[in-house]
Each structure stands twice: as C-alpha cells, then as structure tokens.
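Student: Produce the complete structure using the sequences and hints provided.
Chains as they are written, first to last, in this note's numbering: chain V, 1 to 331; chain D, 1001 to 1359.
No lab work stands behind these hints, which were simulated from the structure alone. One or more of the hints may lead you astray.
[Stated by the list, open to error] In the SDA-like style, the derived pairs of lysine to any residue whose C-alpha atoms are separated by at most 20 Å in a straight line are:
hint, chain 1, residue 1, chain 2, residue 2
1, D, 1012, V, 294
2, V, 294, D, 1173
3, V, 294, D, 1275
4, D, 1012, V, 309
5, D, 1012, V, 303
6, D, 1087, V, 100
7, D, 1194, D, 1206
8, D, 1347, V, 98
9, D, 1244, D, 1139
10, D, 1012, V, 327
11, D, 1347, V, 289
12, D, 1347, D, 1022
13, D, 1178, V, 286
14, D, 1178, V, 291
15, D, 1177, V, 291
16, D, 1177, V, 184
17, D, 1347, V, 94
18, D, 1347, V, 326
19, D, 1012, V, 94
20, D, 1012, V, 289
21, V, 294, D, 1174
22, V, 294, D, 1171
23, D, 1178, V, 290
24, D, 1012, V, 329
25, D, 1012, V, 326
26, V, 262, V, 174
27, V, 294, D, 1165
28, D, 1244, V, 309
29, D, 1087, V, 325
30, V, 294, D, 1172
31, D, 1347, V, 329
32, V, 294, D, 1273
33, D, 1347, V, 210
34, V, 294, D, 1278
35, V, 294, D, 1168
36, D, 1244, V, 310
37, D, 1347, V, 325
38, D, 1177, V, 289
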Amino acid sequence: MMGTIDFIVALISAAVLNGAPLMFGTSGEILTQKSGNMNLGVEGLMFMGGAFGLLGAFAYGNAAGDSASGVVAVLISLLCSFAAGVAGALIFSFLTITLRANQNVTGLALTIFGTGAGQFVGELMRIRVGGNVAISNELKLAFSGSPFPAALQNIPVVGPLLFSYNVFVYLGVIMIIVMHRFLNKTRKGLYLRAVGESPATADAAGINVTRYRYIATVLGGGISAIGGMVYTMTIAGTVWNHTGLSGEGWVAVALVIFCLWKPINSLWGSVLFGALLILYIRLPIPFLPTQIYKVVPYIFTALVLIMVSIRQRREDQPPAALGTAYFREDR
Amino acid sequence: MHEKTPLIRLSKREDMPKRRIWLIRLGAFVVALLLGMIVFWIAGANPLEAYESIVVAALGKKTGIRQVVRNAVPLLGTALALAPCFKMRYWNIGAEGQITMGAVAAAFFAINCKTMPSLPLLLLMGLGSIVFGALWSLIPAFFKSRWGTNETLFTLMMNYIAIGIAAWLIGGPWEGKKGSQIIPVFRDEAVLPKVFGVHIGWIIVLVITVLMFIYMRYTKHGYEIAVLGESENTARYAGMSVGKIIMRTAALSGGICGLVGFMIASGAHGTLYANVAGGAGFTAITVCWLAQLNPFAMIVISLLLAVLTRGSSTLQTSMGIPASITDIITGIILLCMLGCEFFINYKMHFRKSSGKEAA
Chain V
1 MMGTIDFIVA
11 LISAAVLNGA
21 PLMFGTSGEI
31 LTQKSGNMNL
41 GVEGLMFMGG
51 AFGLLGAFAY
61 GNAAGDSASG
71 VVAVLISLLC
81 SFAAGVAGAL
91 IFSFLTITLR
101 ANQNVTGLAL
111 TIFGTGAGQF
121 VGELMRIRVG
131 GNVAISNELK
141 LAFSGSPFPA
151 ALQNIPVVGP
161 LLFSYNVFVY
171 LGVIMIIVMH
181 RFLNKTRKGL
191 YLRAVGESPA
201 TADAAGINVT
211 RYRYIATVLG
221 GGISAIGGMV
231 YTMTIAGTVW
241 NHTGLSGEGW
251 VAVALVIFCL
261 WKPINSLWGS
271 VLFGALLILY
281 IRLPIPFLPT
291 QIYKVVPYIF
301 TALVLIMVSI
311 RQRREDQPPA
321 ALGTAYFRED
331 R
Chain D
1001 MHEKTPLIRL
1011 SKREDMPKRR
1021 IWLIRLGAFV
1031 VALLLGMIVF
1041 WIAGANPLEA
1051 YESIVVAALG
1061 KKTGIRQVVR
1071 NAVPLLGTAL
1081 ALAPCFKMRY
1091 WNIGAEGQIT
1101 MGAVAAAFFA
1111 INCKTMPSLP
1121 LLLLMGLGSI
1131 VFGALWSLIP
1141 AFFKSRWGTN
1151 ETLFTLMMNY
1161 IAIGIAAWLI
1171 GGPWEGKKGS
1181 QIIPVFRDEA
1191 VLPKVFGVHI
1201 GWIIVLVITV
1211 LMFIYMRYTK
1221 HGYEIAVLGE
1231 SENTARYAGM
1241 SVGKIIMRTA
1251 ALSGGICGLV
1261 GFMIASGAHG
1271 TLYANVAGGA
1281 GFTAITVCWL
1291 AQLNPFAMIV
1301 ISLLLAVLTR
1311 GSSTLQTSMG
1321 IPASITDIIT
1331 GIILLCMLGC
1341 EFFINYKMHF
1351 RKSSGKEAA
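Tutor: Encoded structure:
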C-alpha cells in the first residue's frame, strides 16, 4: 500500500516537473491565439529561450565567480529568455500584423529561424568553452531546487506533492491564474478576446486592434520562451543538448488546443501532458509500444479537436478570427 | 480632440509591373544576405569568405551539384503537392506526416516482396505510397468537410502520429537485427535507378511540375479549387460540392507527398528512417507560399534552399561555424521574402505627400 502511494507521489511530482515548461509554452501561446494570431513559431521561440536563458546564467556565473547569487542567476535567465522570445515574437508580429504576411508560413519560418538560432548559440557556447557548458552546483540548485524550507518538503506525501518543486512551477501557476483573471475579469481582457473573435467589430467599437495584437503576441512569445529556459535549466540539467528541446514547442501548441484556449485548463493540462511525456518510462503498458505511447498526447489532441468541432459548443471553439490578418479596408 | 489623418494610409494594389515585383523580391533577398553577414560576423568568420565557400561547396563540384539536386527533390515535390491545397485555402501542414506514411508504404513492399523483379516492385512501392499518403491526408479532410474541424491543427497533429508509427515499425515489427532499432537496407531491386548520378526522382518531380501547372490552370478541378479558395459561398451557390472538392484535393496533395516519401526512402536513403521527411514537409510550405503557388517558381526557390543547405553543411568542417547557421540563414531569407510581399500587394500613401509612393 505504502509502495503504491510512493509510486503515485513520485509519478505526480515527475509529471509536474515535466509539465512546467509546457505551462509557460502553452499559456504564452494561448495569450497569442486569443488575439487571433496563430504563432506556429513556438518551437523556435522555446529554442531561443532555452539557449539564451542558459547563456545568461552561464555568463553571469563566469563574471561573478564565487560570489554568484542563485537568485540573481535565475532572474537573469528569466530576463534573457523572455527577451529572446520577445524579439522573436516581434519579428512575427511585424510580419503578420503590420506587413500582413500569412501567419502559418511566417510561424514556420520563425520556427526554422528560432531553432537555428537556439542551436547556434548553444553550439557556439560549447565551441568557445571547449567542451560542455558547465554551471556551478550552487547556481544549478537555484534553478532546480525548491524555494521552500526542508521542514515543509519533508512532510510525508504533502511535502513532495506541494513544496518540492522548483521555483518556476510556482511562478507558472501564479502566471496562469493572473492570465485567467486578466482574460475573463478585466475590461482589457474582454477587448483582447473581442479582437481575436471579430477584429472588425472590435475596431468599430474603438479598440485598437493592432496594438492589442502586438502586445498579446509579443508578451505571449516571451512567456513561451521562458518555457524553453525552464526546460534547459531544470529537466535538461543546465546543459545544451543537441536534441533535448526538439518537439517541446509543438507539444505546447497541441496543448493549447487540448486546453480549449483557456489558460486555467493548462494548469492540469500541462501536468497531464507532462505525465504522458514520461509515462512510457515509469508505467510501461504491456503490448503498447513506447513509440506509440509517446505520441498519445497528439492522438488525444486530435480527438479533442474532432469532438469540439462536432459538438459545436460556442465556448469551446477556437477564436473565430484565428489565423487571419486584419485589414480595415478589406471587406 | 479631432482625428488626424494617419501618417501612412494603405490600399491594396494589383497593378505593379512584373519587373518591379521581381526587383522588390531581389531586394529582399539581398537584404537577407546582408543580415546573414551579421550572423557570420558573430560566429567569428569572414562573411564574404563564408558565402563564397557556400557557393563553391554547392556548385563547384559534381558531387556538390548532385547533392543539391537530391536535396531539392523532396522540397519541390512537396511544395507542388501543397499548391492546390493552399489555393483552396485549406492549410495542409501535414506534409511531413504524409511523406512519412508514403515512405512506410514503400518500405512495406520493399521488405515483403522478396522475389519480385525491380520494375513491378518499384511501381508497386510508388502506388502504395501514393495510396497511403492520400489516405493519411483524407482523415483530417473528412472531418474538415463534414464538421469543419480545424485542418491546420489536425494535420499538424497527424505529423507526429505518423512519425510515431514509423518509429514503432522500425524499432518493432520491421526491425532488422534484434536491438538495432533500424531496418535493413532495401535490396537493390527496391532502390530507384539513377540518371546522371541522382536518383530518377528529379525527373519525376519535373514531370509533376508541368502536370501541376496544367492541372491548376487549365482543368475543371483547378477552376473549382480556385473558386472555393476565393469564397466558399460562391462555390456553394455555383452548385459545387464543397466537401467533395476538399477531400479530392487533400487526397491528391497527400498522394503526391506520399510519392515524395517513396522517393526519399527508396532513392536517397535506401531504407526507412522515422525522420524520413527530415523537416522537408515544413520547409516546403514556405517554398510553396514564396513561389506564390507557381510551380515553376518553386523549382527556383527549392534549388536556392538546397544550395544553401548543401553549401553550409561544409562550413562546420572548413570554417568551424556551427552547422545550425543554415537554419538561421534560411529563416532570415524566408522572413525577408515574406515581408517584401507587403510592398507588392499594398500601396502606401503618406500624409500630405499625396501621389508619392514608397516601395
């Protein structure tokens, strides 16, 4: 009995840990898509966030030497990854909002550019250092350790389930709740949703469509990129790994659909997908090959997509203007 | 407060002379190359030397040119496959998966038909890949036409499911030596013959280029696709069966993607890998769009990207620049070319200076 509980506790904590990057990646993309912009460049943004987040922590660790503080390193990493995401999302916004380029194609081009840029920075660091990019153990702990005192963490069952995670998990939860309140309880959130549902109507009501789309997409891109940093600095163990991040961004896009464009759903959605990403190791099912097990999140997402379109419940639908550019003179 | 006239006003235009259009695109390409120089400079390399080395490595020797053509075949083939879908405003971004399923079908026949002579075997593999690619593409198309399921997201999901299936087959039922996680190389009869040193796929895609041009421009199907792309309601009022057109076009697209998968597996690799498509399905989307869905322009753009890929693959060894710079440069070029279309499609009117235009 005790063994089962331990197993379940371990499984849930591992799921939360693996879901943390998705929390950021997904909620950032939800914010973006709520404005009617479908940014398929999440994969690229997360790569950039991962590489630049690592670069920031590494450069700071080198510069500060022994006096390096873990909190500062975390803040620098957060800032670097966010800035990288903002830069990438700005390119996307400029092309799709101002220059009205096709969103799907621009997003894919951004993915090509972003994965390249991430790999480039990661490899360049490795070449310059001449080996693996290493960060001191104290700094590593600041990223992967829990911010709570050991006494809380050691409470049986509750400790590991509530207090054992790295700081980004708690940050992610707070951010998602804030985003949920913003979208559903504030006037600006309502405006943003209006822009994503019907930009022409929003425009007629005096809402600045361009500004809302820009801000949502750029902020969303920055948040998504933080997810990449969280992946590199916690799950990948602060090492730039050749293939480590590949696919994470696409899982995040899948999760956006799975969550039906509601940030609050991404709280449990990312834990579920985090579990699905590792379940094949922890809980092998006889006769289910691992390769198929690994694509279960995508199968789930496809099924959700089908069900949503068949049931046609209005509150479950994608933002109506998703993927289309807005041109006022276009009628 | 009274409203001021905005500084820049926009209007659509369709009257730009052909020469201006191509000048703008050329300009965007030059801008992209200049931006790329910054990246080389960051990497600590002489940008001009790097560009020279790319061109020499890609076009200087016969082996380089062959590799360029080999790289261009899947890009061109897939871009052609996507053209009718995009014309119809059906966002098939599932080419990656359709290529994979085509390759899976080809591998199935290559592995199981142990005694068949070459020609019927290759025909069977090709046919099988077309059918499989088409069926894989029909799944999202069916739901799109029946319930309006978002095809962009559905086809995207289908990519990963297809790759998962291929990975399972390679690591499980079709595995060669136990534990090797790869399947054996196809026997010689199942490998596409070569013409001028490159597998015959390049001739096939050139034929498809011409056929696709004719299909899109001169056939009833092509006309229906164009009307549906402009307005679904118009198509309905004109008595077209919208669902049928969507499914037919998606199947055609998936079929050609499947054939591309067959050409990669049988021609380029000689076996089946799980990442047989290798991103071609995604890159081809940008190729198709940049070519404005024009089949002949796709030849130019896919060759250009292939030169870039081949040329910069040698940079790592010759100049110590990470190979990922290829993706950065490709990305920059794509983004610049996407942006420049704005100056072709829209006219800018500045306040006061009426009549003047900026391009």
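Student: Would you mind marking each hint as holding or not holding in the structure?
Tutor: Hints and how they fare:
1. D/1012 / V/294: violated (47 Å)
2. V/294 / D/1173: Holds. Residue 294 of chain V to residue 1173 of chain D sits at ~17 Å (cutoff 20 Å).
3. V/294 / D/1275: At roughly 15 Å apart (the allowed maximum being 20 Å), residue 1275 of chain D and residue 294 of chain V satisfy the hint.
4. D/1012 / V/309: Given that 20 Å is the threshold and the Cα spacing comes to 34 Å, the pair is violated.
5. D/1012 / V/303: Outside the cut-off at roughly 40 Å; violated.
6. D/1087 / V/100: Judged against 20 Å, a Cα distance of about 18 Å means the pair holds.
7. D/1194 / D/1206: Roughly 15 Å between the alpha carbons, so the hint for residue 1194 of chain D and residue 1206 of chain D holds.
8. D/1347 / V/98: holds (13 Å)
9. D/1244 / D/1139: holds (13 Å)
10. D/1012 / V/327: Answer holds: residue 1012 of chain D to residue 327 of chain V is near 10 Å, not above 20 Å.
11. D/1347 / V/289: violated (56 Å)
12. D/1347 / D/1022: holds (16 Å)
13. D/1178 / V/286: Within the cut-off at roughly 19 Å; holds.
14. D/1178 / V/291: holds (16 Å)
15. D/1177 / V/291: holds (18 Å)
16. D/1177 / V/184: violated (57 Å)
17. D/1347 / V/94: holds (17 Å)
18. D/1347 / V/326: With Cα atoms ~16 Å apart, residue 1347 of chain D and residue 326 of chain V stay inside 20 Å; holds.
19. D/1012 / V/94: Distance of about 18 Å is within 20 Å: holds.
20. D/1012 / V/289: violated (54 Å)
21. V/294 / D/1174: The given pair, whose Cα atoms are some 19 Å apart, holds under the 20 Å limit.
22. V/294 / D/1171: holds (13 Å)
23. D/1178 / V/290: holds (16 Å)
24. D/1012 / V/329: holds (9 Å)
25. D/1012 / V/326: Given that 20 Å is the threshold and the Cα spacing comes to 13 Å, the pair holds.
26. V/262 / V/174: holds (15 Å)
27. V/294 / D/1165: Given that 20 Å is the threshold and the Cα spacing comes to 10 Å, the pair holds.
28. D/1244 / V/309: holds (19 Å)
29. D/1087 / V/325: The hint holds at about 17 Å.
30. V/294 / D/1172: Holds, at about 14 Å.
31. D/1347 / V/329: Holds. Residue 1347 of chain D to residue 329 of chain V sits at ~12 Å (cutoff 20 Å).
32. V/294 / D/1273: Holds, at roughly 17 Å.
33. D/1347 / V/210: holds (19 Å)
34. V/294 / D/1278: Measuring from Cα to Cα gives roughly 19 Å; hence the hint holds.
35. V/294 / D/1168: Between residue 294 of chain V and residue 1168 of chain D the Cα gap is close to 10 Å, so the pair holds against 20 Å.
36. D/1244 / V/310: holds (19 Å)
37. D/1347 / V/325: Answer holds: residue 1347 of chain D to residue 325 of chain V is near 17 Å, not above 20 Å.
38. D/1177 / V/289: Distance ~18 Å between residue 1177 of chain D and residue 289 of chain V Cα, so the pair holds.
Checked against the numbered hints given earlier, this structure breaks hints 1, 4, 5, 11, 16, 20; the rest are met.
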